Amino acid sequence: MSRDAIMAALQRGLKRGPLPADQQAMLAARTVLHHRHLIPARGQLDLAGRVKLFAHYVEREFGTVTQLPNIAAVPQAISTYLAQQNIAPSVVVSPHPALEQIPFHASPMLQVRYGVATAHDAVSLQVAFAGVAETGTLVLPSAPTRPVKNNLLPDTAIVLLRAVDILACYEDAFDRLRLEGAMPRSVMLITGPSRSADIEQTLELGAHGPRRLHVLIIDGQG
Amino acid sequence: MLQSSEAFVGNATTAMADAGLQRALARAKPQFAKKRQAAVDKLPEFEALRDIAAGIKDHTITHLDYYLEVYANAVARSGGVVHWCSTAQDAREAVLNICRKAGAKTVTKGKSMVTEEIGLNDYLQANAITPVETDLGEYILQLRREPPSHIIGPAFHLNREQWEESFREHHTQLAPERVFHERRDILTEARGILREKFLAADVGITGANFLIAETGTSVIVTNEGNGDLTQTLPRVHVVVTGIEKLVPNIEDCLAMLRVLARSATGQDMSVYTTFSTGGRRVGDLDGPEEYHVVLLDNGRSGMVGTPFQDMLRCIRCAACMNHCPVYGAVGGHAYGTTYPGPMGAVLSPMLQGIEATQHLPNASTFCGKCESVCPVKIPLPNLMRHWREREFERHLQPTGMRYGLGLWAWFAKRPMMYRLGMRAAAVGLGLLGRKRGFFGKLPLAGGWTAGRDFPAPEGDTFFAKYVATQRNR
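So the protein sequences, as listed, match chains G and B. Each number in our numbering comes from the position in the first sequence (counting from 1) with 12 added on. Each number in our numbering comes from the position in the second sequence (counting from 1) with 95 added on.
For the record, the hints were derived by calculation from the structure and aren't laboratory data. Remember, predicted model here, so these are calculated numbers, not experimental data. One or more hints might be untrue.
[To be verified] Some but not every residue of chain G turned toward chain B, in silico, with C-beta under 8 Å:
no., residue
1, Leu57
2, Asp58
3, Leu59
4, Ala60
5, Leu164
6, Thr203
Note that CB positions come from ideal geometry on N, CA and C, so glycine has one too.
Here chain B stands alone, though its shape is the one from the complex (with noise of 0.2 Å):
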């Protein structure tokens, strides 16, 4: 859980100077929007998809108090257990207390937002309890003690020289003078050393991509089988998550997993896709004996009947953060919040206030384009605004700019006075400007000129030249 969101414009500043991230950022954001543009070119029925997976989701959120009745009822019938709980506090209590009773020592973790969300790795240490994250990305975070800067990549942000040197300094059990010829082979030593951790924990703890209320079941989706040794192995499965991710039953779910792995990484279907049902059964061989859902509000249901409902229906596939351009420019650790891009900036300052996160909705350049590749077809822009307006009405955006945009209002709803000054200003700047044809410096534009030269206007404003095409049809 990092906190440092008011520190945007300072992160995104060292995040551009950064050129190990650059490199990364560089090497990552064409691909991810290729692969899913080639997943989404083979089947046709994709848009029509996104449709049905919106509705899906609108359905279930409408009318989420009676899901997560039945849901609860079901899981109950397959011996489970859930745990309702409102807050972060609430939640990291019930998983201790849950691995307490398992008298565990070591938990193994899949890949869990959630858990992010609400610093659990730190609790648990703290109480004495060894958090081991497996999913590839996550666990060379934990050893680095970073915070994730992708939804799904976790560590996309890190060099491969960097996995190494972290791995040289954390493995100190293996020889010293080993060689890592190729990335396989640093995949061959985490998947060793990761082995040994899952067949040792206690507790096994996942998130869950979806939930299914019919028959009390959690879904998960993995592509490196981290989730599902997870969920295998301990004796315990404790799954934390949030109350958003219901769906009513299994057909609904489907229809999900449809437009899922396309919007995220391009597969038409992840690996691993595991519906976990309650404990282990009469006769079986494997699986958990124990199961349990930690089921977390942390300020979803406030959402609930406001313009940002429709943040409810996010499947966290990070489409919308492989295609920001902003997101692409800074990478996620300048956000500073849990959850980065457009999908974390209008849901972060839902979860930890908008004093916090007031610069988050103003990191858009409002292209569309997050929008335009939702699976479920959040509005995000619009979201944003509104989160522009309140943190205008609040008062929390700096006196000059306040009045800036006081001065700008004033024109923009007085027609006439707005083309005569911008006429006014076009005219001049052109005759100012037409030697040299733009300009270096201009006063109250020192952020933008700073970075690249303003050209100079030539002729008239865009609403004369209209007018006057107009005038001559």
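Chain G extracted, bound-state conformation (with noise of 0.2 Å):
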């Protein structure tokens, strides 16, 4: 009943019928073509360009980031990064087959967990589809893989980012995201750690999603 009123006071605003099926049909085909509107230049680099340039945004929004040679340096890397930030050695991994071949049992102090974070994981590690060097943005859809609590529950979260997989813009992302299929029912675009300037204005990090978000760079393949 709404609609139908809803698509009336529309039609009689537009001065016309429901739109004629040639119409229609252009209309469809323009939101299928994916045009791209404008890009910004800045994130069209070469590989080396784009993996500096998000690593120069993830910082300057208040991230952290390693380069990694390899994923047997994961253990290793993520050990000290909690070491130094004073955090119990103890993550909960999301259960992605490119997490699952990291080499954790040469690294036997640090408790790995596989699976949903719950209320009561400090830490997570998760696995990004794709970075957008343009804004230094993590591309995080969601899969059976790719936990969302794992993103936004722990107060640490320690990503893993194939350099390879750092794209110029989100359109490159989103272009790729369509080749494997139908939209994901999350897709979460995170650009940092959380925070909040509701308190006077004043930027405190740490809100409601992590207080920290550390990004982990494998440069070589395997």
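Put the complex together from the two separate chains, hints included.
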């Protein structure tokens, strides 16, 4: 009922009836064409340039970045980072194949649990689908292997990102995502750790999401 | 839903005498403008993107019936439900029904101006469902039972002492002798309290910054992550939003996002930009099982085909109020409407009627700053002028003002008479005020001279001088 009333009011305002079939077809074609609007030039660099710019923006937005040669270096990097921050060495890890390959057994001091974060998990390890150089943004689509809670609940979020997945712009990431199939239930674009300026216009980190965002960029393959 | 806009003139006077508010305004206003400018300066493409953003919205609105259909079909395909609502009452009932079916006792809420517009919290409360605001600013306002004073910085008018006072009053489960050493301590306390609410809620309600027609997706941007927890943790996610939030596809949405955060907070990108499409998928380990969209009209469709259609481009960034000298002097509460500032002065009469809001389109100096910073180039001063015309046509102004305007118009349409009159006044006042150089009081200008002196004219009128220079060339 409301639906018909809204449609009628819109068409009255637009001084026409329902859109003719040929015009509908034109609009449908426009939609699926995925025409890109003006993309800022600043992210459109070669891979090395994109990695550098991405890291620059993550750090400007109060995140931290470590570059690693391969995933074998991940356990030690996490242990070192957590020790520096004075955080207990216990991590909930998303059940993603890329993360399951990490040789955690080599670091017995680091407690690792694969699964979904609960309110009791202080640290998570997530894997990014892509990074966007334009603004230092992580692209995190939901999937059985990439739970959304792991992006949000822990105080400290560590995210693994392959250097080759650092793209120029958000459009590049959504193009890649379309190749994988339908739109995931959730796609989070994350730029830096959680924050609020609601108290006297003064920025404080760690409002409801993670206070710390640490990105591990893996340079090589394997 | 505050409805005191009839009292704007009195509210404004009170606001200007409120020392705490003036302190908050002095703190906030230069920051907003400075941050926006810094972000704009770093993106050479920004001006071009404003035109693109305006174009995307115009295209969508002129085909809004079509895109709404496409959107609703896509939501249904992803397993979600669209609830079409003509009025605020329809929307309140739709949300209540969803909550009742879910057996909800508490609902968490992400920041949403549309839920303020429809007065959702009071309605849920009256129906035995407890809404919990989770945006830090909205949370403290809920404790203090105040409406937001700004559409993106809802509690910017509060000072730190007021935060501490409210937290002590309401968080009685915590030690009363605790000390808030710094702002961070206030934030940490709110985080702890709200974390429990997030985990206990049965339903999560968010707004939407954009709706994407092609994929049936709702998009929210937050910095705190509160909206994201709200839509991730409970079993049911309800999006409450207006029909004008549509854009055709992802690429259109991304272009809009490039101007949104920069115009709002001066960030290149908000911390969390979350695209939600339907409920939990097969194999997913988290996410809501149900996904509902309460799609509100509430007067918006009636703006299409009128001069106010341009207002439907608005993406609620707040740049207009952040740069408005009137908002900067009186803050948001004085407007007495859900949406304050220049965008509110244009939108509120549409939603609530010009009779109840007639002062608001007059709360502008027409300096044009709002239009110059609007990311979708809404001609705000022009639209406020349209409302002033309608106000005049409907005889809503006081008699004295109408006569004054009538008299001025009579002269203004007769240039010879106008110049003669102005010249006589200028020369006359010049002679009268020659000694002191100013007037402390003037007949018919009591309001003006109450706050400042009126300088005595020196010499001839501008027009006379202009003509003289032209002759001498």
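Okay, the hints, checked on the actual structure:
no., hint, in the structure
1, Leu57, "violated, 16 Å"
2, Asp58, "violated, 20 Å"
3, Leu59, "violated, 21 Å"
4, Ala60, "violated, 21 Å"
5, Leu164, "holds, 6 Å"
6, Thr203, "holds, 4 Å"
Consistency note: the structure conflicts with the earlier hints numbered 1, 2, 3 and 4.
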